[in-house]
Structures are given as structure tokens and as C-alpha cells.
Amino acid sequence: VSSTIKERIADRLPAFLRRADPAVVTAFGCIVALLLVGSLYSSSFLSPEYLLQQLKVASFLGVIATGMMLVILLGQIDLSVPWSVATGAMMGCAAAAFGPAGVALAIPFGVLCGVLIGLVNGIGVAYLRIPSMIITLATNAVAQGLMVVYTGGFSPQDSATAAMRYLATGFLIPGVPNAVVIWALIGAAMVFVLTRTGFGRAVYGIGNRERAAYLSGIDTRRVVMIAFAVSGGLSAFGGVLLAGYASKAAQSMGDAYLLPSIAAVVLGGTSILGGRGSYLGTVAGVILITLLQSILSVLQMPEAGRQIIYGVVIVVMLLLYGRAPADR
Amino acid sequence: MKDWRYWLAEQRGTLLALGIFVFMFIIYTANHPAGFTANVVQTAANKGVLLAFVAIAQTLVVITAGIDLSVGMIFLLTNCLASWLVVGAPMETALGVVAVLAVGLACGALNGAIVIYGRLQPIVATIATGAIYFGIALLLRPFPGGSVNEDLADALTGRIFSVVPTSIVVLALAVLLIWVPFSRSVLGRAAYAAGSSEVAAYMSGVPIRRGKFAAYTLAGLFAAIGGLFLTFFTYTGEAAYASGNAYTLFSIASVVLGGVSLFGGRGSAIGAVFGALAFRTIGDLLFVFDFDPLWQPLFQGIILLVAVSLGAFALFRVRNRLEWFL
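Just so you know, the protein sequences line up as chains D and C, in that order. Letter by letter, the first sequence follows residues 1 to 328 in the numbering used here. Letter by letter, the second sequence follows residues 329 to 654 in the numbering used here.
Check before you lean on any hint, since a few could be wrong.
Pairwise CB distance ranges, derived in the manner of DEER restraints [to be verified]:
#, chain 1, residue 1, chain 2, residue 2, range
1, C, Asn359, D, Val312, 47 to 53 Å
2, C, Gly486, D, Leu319, 44 to 50 Å
3, C, Val527, D, Val32, 53 to 59 Å
4, D, Gly29, C, Phe617, 57 to 63 Å
5, D, Ala256, C, Ala441, 23 to 29 Å
Which residues of chain D face chain C? A few of them, derived with a C-beta cut under 10 Å, are [to be verified]:
#, residue
6, Pro108
7, Leu112
8, Gly305
9, Ile309
10, Tyr310
List of simulated lysine to any residue pairs, SDA-like, C-alpha gap at most 25 Å [unchecked claim]:
#, chain 1, residue 1, chain 2, residue 2
11, C, Lys375, C, Arg517
12, D, Lys56, D, Leu35
13, D, Lys248, C, Tyr569
14, C, Lys375, C, Asp482
15, D, Lys56, D, Ile295
16, C, Lys375, D, Leu119
17, C, Lys375, C, Phe489
18, D, Lys248, C, Ala570
19, D, Lys248, C, Leu622
20, C, Lys330, C, Asp482
21, D, Lys248, C, Phe561
22, C, Lys375, C, Pro621
23, D, Lys248, C, Leu626
24, D, Lys56, D, Ala256
25, D, Lys56, D, Ser294
26, D, Lys248, C, Trp623
27, C, Lys375, C, Arg512
28, C, Lys375, D, Val149
29, D, Lys248, D, Tyr127
30, C, Lys375, C, Leu433
31, C, Lys330, C, Arg512
32, C, Lys375, C, Leu501
33, C, Lys375, C, Phe561
34, C, Lys375, C, Val350
Calculated from the structure, these hints are not laboratory results. Even for Gly, the Cβ is constructed at its ideal location relative to N, Cα and C.
Let the sequences and hints guide you as you build the complete structure.
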């Protein structure tokens, strides 16, 4: 009986809602609810300036979460985000110290360092078959060690280049921050890759069952390695943008991005077991997390309360729709 | 095969870890300016025991084929709690110790409940609960501070008969009284069986859920004992995010060095203890060889990377390529 009621309700819904993933709809519903709660507190929550500002802050997390999503779709995880972000930012700023050529190559160099970290992860996971959470924790520790040696234990004094600052805070299109444009471009590229290319098909296939993907002729190990390299590169690019936003790089700047990036992907309905999820969900997750952060800071919630609320929100949302199937 | 050869094959990881530790410790004491004295041993023991307790906690979860990324945060939380509660008259102190251990058990039980009965992935679930535990620790100690019953602290970090470090004795007692009975009980075997092959264990009627739940809960207890000892060494409580993360990371390294399989079902907490002691000694080697302390994080990271990559040697034994994809 309940299924027929469900079907009847489904029949009344518009087509785009009927096809939508319930998780994505829930996430967008939560965004609307958060905005309404916020607007009760202060009317400026619904002003375009505030929303655009939130979108700009969200775009840093969005770039990082894009890479995380690619890896999670494979059924893996990338815990090297904190120091990939920091390495990208610090190496980008460091390159700027080497004359005009260094300034010009600062952004590519920072991203390249992230790609290298991702490549080590990818080789470990794909070819050496080391569990991804272990190898990424290890490369995170190595990246941290390298940066500590490089900086001599102090925060680097190098500041971001003008190009970085322009990317993060400038306006190419009047009224729309560049960071948002960059996120939109990266997001569009990701959607294209996931839905229109063989690589994207392979990612979903491997996430569902790597054996089956291998037997159907996909070079699964190469795909996994590339996905990790892309994730590392995007983390580092996120770091470069953050350095531009803050005008300088700092050692612990990536720590605040590991949990939110995983949370954004998972809250957006991407299965943590891999193989299922849409980029639209990740966008919803990123905006949801950013709004939650913003509202908590407007309410002047201390760091302790924020951590607790994060943890509780993630556990509750996962319990609602992220559970593994009951196989018995 | 004779019985002792089976035993040897089973304990290979543990014995290897013991060997690495003894070898490293000999190099360490031989190059230490003070040499092999009770003082040097006591300092090394006190540092190693902290990591050893957290490594035992990690082992309990890893043998069920899970992972606990919140052990470091439980360690911090119980440290902060102990800096409030473990003070005053002997009776109050004793109650405080019991309360701290109970909170550790509760944290472990919450992890277990979410992972087993909530059917969430251990990685994400424990990252999230780790954030909660860290938040509570920060509420308890927004700034480093607090105090501890110094008589108890000095007694537990000192030496017995001015030779044997007390902390090592407590570690041995904890292993003998909690780990050994657990690993030989029905629940302990269920935890191993669940990690080895959950489906087969279920088919043979092993109580896998209760076994895994017991493992997660006891992991919280061991992390809490570690947190208590941290308070005894430092006399304060501090909610330092980086330190909690480092302990989680090092516990995984210790478990791997100690011969515990990250895929579950193999290894022992005793191996992890030696893994932890060896890991600490390797870190301290830099100190006796007069390296710049700045190199220590890099050195430890590389040890971790090499240790986890050693697991890849199992690939050479794989005959069918499909076995790559578990």
C-alpha cells in the first residue's frame, strides 16, 4: 500500500523532481531552510551581496571538493587534502621569489606540486594496492614534513602574486567574483568528464565493481592513478586560490578543508562506497556546508561548538541516507 | 608441521616488531650521551607508552577490518577531562580516574554503535565523531591548563625499585588483564573472524556484531588510559588539534609496524605495542644523532610511507590478476 501512495505522490511531482536523487533534493531543501532560519535572525541573509559573498567563500571549498568527489566516486578517499592545499599555496608563493619567470609560473608550479602528491597516492593505491586512506595519510605526513623543513618551522613570509589575488578576489565579469567563475568552469569540466567521456564512465564503473570494470577492458589502474593526481592538483589549486584570498600562505591553512570537503561530497548524495553520485549534489553539499559555517559564525558560536555541530550534522545526514545496505 | 611452527607463523609479525624495536633501542642507547641508564629507559618508556596505548586502541578496531580515525581525539578528550577530575583526595582521584575511563568507553561505544548498528563506513563515521570529541575537548579546555593529583602522577611515571619504569608495568598489566582475556574470549574471536571474513563468520554463527562492538568499545578504553597517562606526564590538559591528529596517524604506523593486517583478521596488540615503541625509538634516533629537529616530521612521514608500502609485497604472491581487486 505504501508503495502505491509513494507512486501517487511521485506522479504529482514535476518531472525534474521525480528524477532527482532524494539526497540532492534534501540538501537543497536544507539550504533553503538554513536561509529562512538565517533571515529570521537578520534580514541581510537574503540580500544579493551576502549570497554572492557566500558563493565566493564556497568556491574554494567547491574546487577542493571536486577532486574529493572524483576519488570518492572510485570508492576511495583522499586524506592528503590538508597538506596538498598547504603545499600548493606555499610552493606557489615560493616560486614567486624567483624573478619574473617565477611569478609567471607560480600558479602552475603550485598545482604541479599537488599533482605530484596525488601521483604518489595514485601509484600507491592503483599499482601497489595500498588502502587509500592509509597511503594518503602517509603522503599527507610526508608533505607536512617537507613543508616544515622548507619553511624552517616558521610561516613563510612570501606573499601571494598579483595573479593569485586577481583569481581569488578580482572581478572579470562585473558583480561576479572570479573565484565563482573558476568554480563554475571547473564544475562544468567535471560534469562533462563524468557524463560525456569514457574516463567518466570508467570512474563510475570502477566505483561499482573494479573487477567487472577490469574485465570489460578498462585499464582501471591508470584511471585510478589519474583520478588521484587530479584530486591532488585540484586541492593544490584550491590552496593557490586561498593564498590569493588571504594574500599569503600559511602552514595550517588546509586543516579546515578535509572534513568539510568529505562532508560536502557525502551530504550531496555521493555514495561513500563509490559508483553513485552527481556533481549537482556536491554543489548543494558545498553551499550547505558554507552556509552552515557562515550562520554558526554569525551566531558567534565558538570553535568547539562548530566542531561538535559539524560532526553531529554529518553523522545524522549519513544515518538518514548514507547507510550501507543491510546484507543479511 | 609441529605445533611450535604454527605458533611461530602466527606470531611472525609480533616477533619482527620486537626485533626491530630491540635493534633500534640498542642503537639508540649506544649513541645516547648518558648510555643505558635507568633514567634514559624511563624517559623512553614514558614517551613510548603513550603511543602504545593509542596503538592498542587502533589494533582492536583494525582487526575487525575497520579503522578508527578518532582515537587521537578520544585521547585528547580524556586528557582534558582528566585535568579537571583526577585531583584532590585519594577517593576523589580514584572516582575521577573511573569517570575518565568510563568516558573513554562511552566514546568507543558511540563509534561502535554508529559503525555497526548505523551501518556507516568506519572512515567517515570516525572522522565525524572525532570532530565531536575534539569539540568537547575544546569546550573543556579552551586554553591549556588544569592540574592532576601529582602524587599519583609521579608514582605512575616514576620507577619501581628505582629500576623498572612504572609506566611499562602498567602497560604490561593492561595488556595482560584486558587484551589477552579479550582476544581469547568468544567476543575476541568474533572480532577476528569478522575482520577475516564477515560472511563466513556470520554463516558459522559467530556473534560478529557483539564482537565488533566490544572491540570498538575497548578501543575507547585504551585511548582513555593513554589520555590519563598524557595528563600524568604533562600535569595539564590541552586540546591541540595537531597533536590529536598526529597520534591517530602514528597509531596507524605502529599497527602496521607491529604486523597487524590493515585488511583485518590478523595481528595482535602485543605486536602493535612493540610497533609503537619501535616507531618512537626511530623518531628519537634523530635526536641522538644530532639532526635538526625540523627534520623529524619528514623522517616520521617517510617511515610511515615505507611501512605501509611494505604491505605491497603481498602482490608478488598473487597468481590471478583478479585478486588485485578485492
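Hints versus structure:
Distance hint check for Asn359 of chain C and Val312 of chain D: the Cβ-Cβ separation is about 49 Å, which falls inside the suggested range of 47 to 53 Å. Taken as a hint, the range 44 to 50 Å holds for the pair Gly486 of chain C and Leu319 of chain D, whose Cβ atoms sit roughly 46 Å apart. Checked against the hint of 53 to 59 Å, the pair Val527 of chain C and Val32 of chain D fails, with Cβ atoms roughly 43 Å apart. For Gly29 of chain D paired with Phe617 of chain C, a C-beta distance near 59 Å keeps the hint of 57 to 63 Å intact.
At about 28 Å, the CB distance of Ala256 of chain D to Ala441 of chain C agrees with the hint of 23 to 29 Å. Below 10 Å, beta-carbon pairs count as interface contacts, and Pro108 of chain D has none with chain C, the closest being about 25 Å; its hint is therefore violated. Using the Cβ-Cβ criterion of 10 Å, the hint placing Leu112 of chain D at the interface with chain C is not satisfied: the shortest such distance is roughly 20 Å. Interface restraint check: Gly305 of chain D against chain C, minimum CB-CB distance 7 Å, threshold 10 Å, status holds.
Here the hint on Ile309 of chain D is kept, as its CB sits about 8 Å from the closest CB of chain C, short of 10 Å. For Tyr310 of chain D, the suggested interface contact is upheld, since its CB lies about 5 Å from the closest CB of chain C, less than 10 Å. Distance check on the hinted pair: Lys375 of chain C and Arg517 of chain C sit about 31 Å apart at the alpha-carbon level, beyond 25 Å; violated. For a cut-off of 25 Å, the pair hint linking Lys56 of chain D to Leu35 of chain D stands: about 16 Å separates their Cα positions.
For a cut-off of 25 Å, the pair hint linking Lys248 of chain D to Tyr569 of chain C stands: about 22 Å separates their Cα positions. Of the supplied pair hints, the one linking Lys375 of chain C and Asp482 of chain C holds, its CA atoms being roughly 15 Å apart against a limit of 25 Å. Taking the CA atoms of Lys56 of chain D and Ile295 of chain D, the gap is about 15 Å. The hint holds against a cut of 25 Å. Under the criterion of a C-alpha separation no larger than 25 Å, the hint pairing Lys375 of chain C with Leu119 of chain D is inconsistent with the structure, at around 35 Å.
Under the criterion of a C-alpha separation no larger than 25 Å, the hint pairing Lys375 of chain C with Phe489 of chain C is consistent with the structure, at around 20 Å. Taking the CA atoms of Lys248 of chain D and Ala570 of chain C, the gap is near 21 Å; set against the 25 Å cutoff, the hint holds. Pair hint Lys248 of chain D plus Leu622 of chain C holds up; C-alpha atoms about 22 Å apart against a cutoff of 25 Å. At roughly 47 Å between alpha-carbon atoms, Lys330 of chain C and Asp482 of chain C are farther apart than 25 Å, so this suggested pair is violated.
Note on Lys248 of chain D and Phe561 of chain C: the hinted pairing is violated, with a Cα-Cα distance of about 37 Å set against a maximum of 25 Å. Note on Lys375 of chain C and Pro621 of chain C: the hinted pairing holds, with a Cα-Cα distance of about 16 Å set against a maximum of 25 Å. This hinted pair checks out: Lys248 of chain D and Leu626 of chain C have alpha carbons roughly 23 Å apart, not beyond 25 Å. Using a Cα cut-off of 25 Å, the hinted pair Lys56 of chain D and Ala256 of chain D holds, with the two alpha carbons roughly 17 Å apart.
Using a Cα cut-off of 25 Å, the hinted pair Lys56 of chain D and Ser294 of chain D holds, with the two alpha carbons roughly 12 Å apart. Distance hint between Lys248 of chain D and Trp623 of chain C is fulfilled; the C-alpha atoms sit about 24 Å from each other, no more than 25 Å. Restraint check for Lys375 of chain C and Arg512 of chain C: not satisfied, since their Cα atoms lie roughly 29 Å apart, outside the 25 Å limit. This hinted pair checks out: Lys375 of chain C and Val149 of chain D have alpha carbons roughly 24 Å apart, not beyond 25 Å.
This hinted pair does not check out: Lys248 of chain D and Tyr127 of chain D have alpha carbons roughly 37 Å apart, beyond 25 Å. Distance hint between Lys375 of chain C and Leu433 of chain C is fulfilled; the C-alpha atoms sit about 23 Å from each other, no more than 25 Å. Simply put, Lys330 of chain C and Arg512 of chain C have alpha-carbon atoms about 22 Å apart, close enough for the 25 Å limit, and the pair holds. Our distance criterion of 25 Å between C-alpha atoms is met by Lys375 of chain C and Leu501 of chain C, whose separation comes to about 18 Å.
The hinted pair formed by Lys375 of chain C and Phe561 of chain C meets the criterion: a straight-line CA distance of about 9 Å does not exceed 25 Å. Only pairs whose Cα atoms come within 25 Å are accepted, and Lys375 of chain C paired with Val350 of chain C is accepted, the gap being roughly 16 Å.
Figure legend: structure checked against the earlier numbered hints; hints not met, in rising order: 3, 6, 7, 11, 16, 20, 21, 27 and 29.
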